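Throw the hints in and build the complete structure from the sequences for me.
So the sequences go chain by chain: R and A.
Here our numbering is used: the first residue of the first sequence is 2, the next is one more, and so on.
Here our numbering is used: the first residue of the second sequence is 11, the next is one more, and so on.
Just so you know, the hints here were simulated from the structure itself, not pulled from any lab data.
The model shown is predicted, which means the values in this text are computed figures rather than measured ones.
Note that CB positions come from ideal geometry on N, CA and C, so glycine has one too.
Don't take each hint at face value.
[As the list claims (entries may be wrong)] Which residues of chain A face chain R? A few of them, derived with a C-beta cut under 10 Å, are:
#  : residue
1  : 86
2  : 116
3  : 117
4  : 126
5  : 213
6  : 217
7  : 252
8  : 253
9  : 258
10 : 261
[To be verified] The calculated label-pair distances, taken between Cβ atoms and stated as ranges, are:
#  : chain 1 : residue 1 : chain 2 : residue 2 : range
11 : A       : 95        : R       : 107       : 40 to 48 Å
12 : A       : 333       : R       : 70        : 18 to 26 Å
13 : A       : 206       : R       : 85        : 45 to 53 Å
14 : R       : 70        : A       : 132       : 25 to 33 Å
15 : A       : 120       : R       : 45        : 52 to 60 Å
16 : R       : 71        : A       : 103       : 38 to 46 Å
17 : A       : 141       : R       : 67        : 23 to 31 Å
18 : R       : 71        : A       : 132       : 38 to 46 Å
19 : A       : 120       : R       : 92        : 29 to 37 Å
20 : A       : 196       : R       : 39        : 47 to 55 Å
21 : A       : 132       : R       : 85        : 29 to 37 Å
22 : R       : 67        : A       : 217       : 25 to 33 Å
23 : R       : 29        : A       : 128       : 35 to 43 Å
24 : A       : 72        : R       : 42        : 48 to 56 Å
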Amino acid sequence: VRHVSLLVAVTLGLTACLGATTQPDLMTTLCAAIDQAAAGDAEAAADTFEVDAHTPLHDLADDLAGADRAATARLLEAKYDLESSIRGGTMAPAPLVHQRLLALTEQVREALAALDRPAPSC
Amino acid sequence: MSRHATSAPATRRGRRLAAIAAVTALALSACGSGEPDNTTLPDPDPNTDLVAQVASFDLAAGPDQRLLLGLFRSDRTVLGGGSVEVRVAWLGDDPAAGGEVPLSDPVNATFLPVPGNEPDVGDTPTWIDGRGAGVYQARVNLDQPGFWGARISAEIDGREHVTTTRFQVLDTHRVPTVGEAAPRVDHPTADTHDGPLSELDSRAQGSDARLPAPHLHQVNVNDALDAGTPVVLVISTPVYCASQFCGPITDRIAELALDYEDRAAFVHFEVWKDFSDNELNPHVMEWIFDPEMGGNEPWVFLIDADGTIAARWDNVLDADELESLLQALPAA
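So, in structure tokens, the structure goes:
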């Protein structure tokens with residue numbers, strides 16, 4: 002079995018620029034998106050996620066990858082599940098977006114805990 | 011033959027690397043303060059919060075190199091639309107090199123949106139307020155290896171903003187490049203693969219996994235080239251991507267595959283065999299992984315019918331350029 006490190010370096014440079022100080026903002030953003038989806042506004046929830054949560058999520062995954070690969074995988078898979086429900090031209094029903102936001106938020110809290118960072122609930 | 015030919019020893023492929031490429035470190039150096047990098051290139055503007063980062067993966071000395079620049083504000087709002095002016099300068103062999111250096115003639119860097127994630131911007135550089143992402147793309151001459159600087163000037167909201175950044179230019183490309191023979195690697199297709207489908211596409215997760223773009227996993231690259239068929243190869247990991255670009259770019263290739271299936275074979279290589287175990291797919295390593303520098307993704311390659319790499323795009327695909335090249339290919 003070949004184990005290697007892929008240098009998952011920077012692309013736009015927007016990843017990895019911010020550190021732990023952004024994580025409370027990430028949770029606040031995700032909680033806001035959850036509220037929007039719970040209120041039936043999947044479009045608004047998707048906008049909130051795409052504009053304010055997506056990049057910090059990549060930062061968090063980047064930070065976590067060196068500490069816990071399995072948790073990183075779960076985080077990115079939950080992120081992809083959400084993205085697949087809000088992209089591609091067809092918006093999923095708000096309850097599904099809500100459910101996936103909740104699942105993602107749980108993975109974010111797990112990631113924050115793994116990094117010994119505050120992991121507030123919504 | 012490329013450095014990544016199939017004769018590469020297994021020990022090389024199996025090496026664990028901890029090093030971070032200098033180019034990455036340099037690019038990240040601009041992150042902390044949100045201020046322009048402390049380069050000694052002339053005329054940095056202390057009154058702007060415009061920040062530049064090089065988004066190219068594999069810059070090497072030579073003419074007409076593809077320079078990608080991410081431009082954003084200290085609050086990480088991305089700049090998009092129109093074009094900006096770029097001038098480059100060779101700083102020296104030392105990462106700390108600097109001093110007053112002559113700048114190249116200016117070239118235009120044009121906004122290149124991420125396919126499928128295009129922002130709503132016009133013909134002038136604008137802070138992107140909402141969804142969307144992209145980089146600025148320029149062609150520059152980098153006549154020697156070493157450390158280079160770039161001075162970027164953008165007209166935003168009626169005022170000129172100037173920033174600078176640094177980047178490393180290698181002596182040779184680490185990833186197979188235009189004019190080289192495409193590495194001949196063994197790789198599975200949907201028909202021949204006997205492991206989890208996620209090894210073919212990280213989006214195929216779970217017990218009821220399905221390939222989201224099965225038409226990108228039907229053809230073996232070697233078979234296509236042996237038959238004289240050009241190949242479009244996308245190497246990406248849509249789920250475990252370090253950037254925001256892999257999924258949309260893979261989707262764009264899947265769309266082009268439907269439109270141009272009579273011109274070329276379209277193939278997707280998933281980067282990870284097992285992300286949790288930190289295990290890359292071996293055929294991907296042959297293409298984009300360098301023992302010294304590591305690897306980056308996504309990549310898109312256009313391979314001629316004779317097996318020569320005709321074009322390649324690091325990080326952000328120029329879908330219009332690829333499409334024009336596909337249109338120039340003879341239909342089967």
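The hints, checked one at a time:
no.: 1; hint: 86; verdict: holds (6 Å)
no.: 2; hint: 116; verdict: violated (22 Å)
no.: 3; hint: 117; verdict: violated (20 Å)
no.: 4; hint: 126; verdict: holds (8 Å)
no.: 5; hint: 213; verdict: holds (7 Å)
no.: 6; hint: 217; verdict: violated (14 Å)
no.: 7; hint: 252; verdict: holds (4 Å)
no.: 8; hint: 253; verdict: holds (3 Å)
no.: 9; hint: 258; verdict: holds (8 Å)
no.: 10; hint: 261; verdict: holds (8 Å)
no.: 11; hint: A/95 <-> R/107: 40 to 48 Å; verdict: holds (47 Å)
no.: 12; hint: A/333 <-> R/70: 18 to 26 Å; verdict: violated (37 Å)
no.: 13; hint: A/206 <-> R/85: 45 to 53 Å; verdict: violated (18 Å)
no.: 14; hint: R/70 <-> A/132: 25 to 33 Å; verdict: violated (42 Å)
no.: 15; hint: A/120 <-> R/45: 52 to 60 Å; verdict: violated (32 Å)
no.: 16; hint: R/71 <-> A/103: 38 to 46 Å; verdict: holds (42 Å)
no.: 17; hint: A/141 <-> R/67: 23 to 31 Å; verdict: holds (30 Å)
no.: 18; hint: R/71 <-> A/132: 38 to 46 Å; verdict: holds (44 Å)
no.: 19; hint: A/120 <-> R/92: 29 to 37 Å; verdict: holds (31 Å)
no.: 20; hint: A/196 <-> R/39: 47 to 55 Å; verdict: holds (49 Å)
no.: 21; hint: A/132 <-> R/85: 29 to 37 Å; verdict: holds (30 Å)
no.: 22; hint: R/67 <-> A/217: 25 to 33 Å; verdict: holds (30 Å)
no.: 23; hint: R/29 <-> A/128: 35 to 43 Å; verdict: violated (28 Å)
no.: 24; hint: A/72 <-> R/42: 48 to 56 Å; verdict: holds (51 Å)
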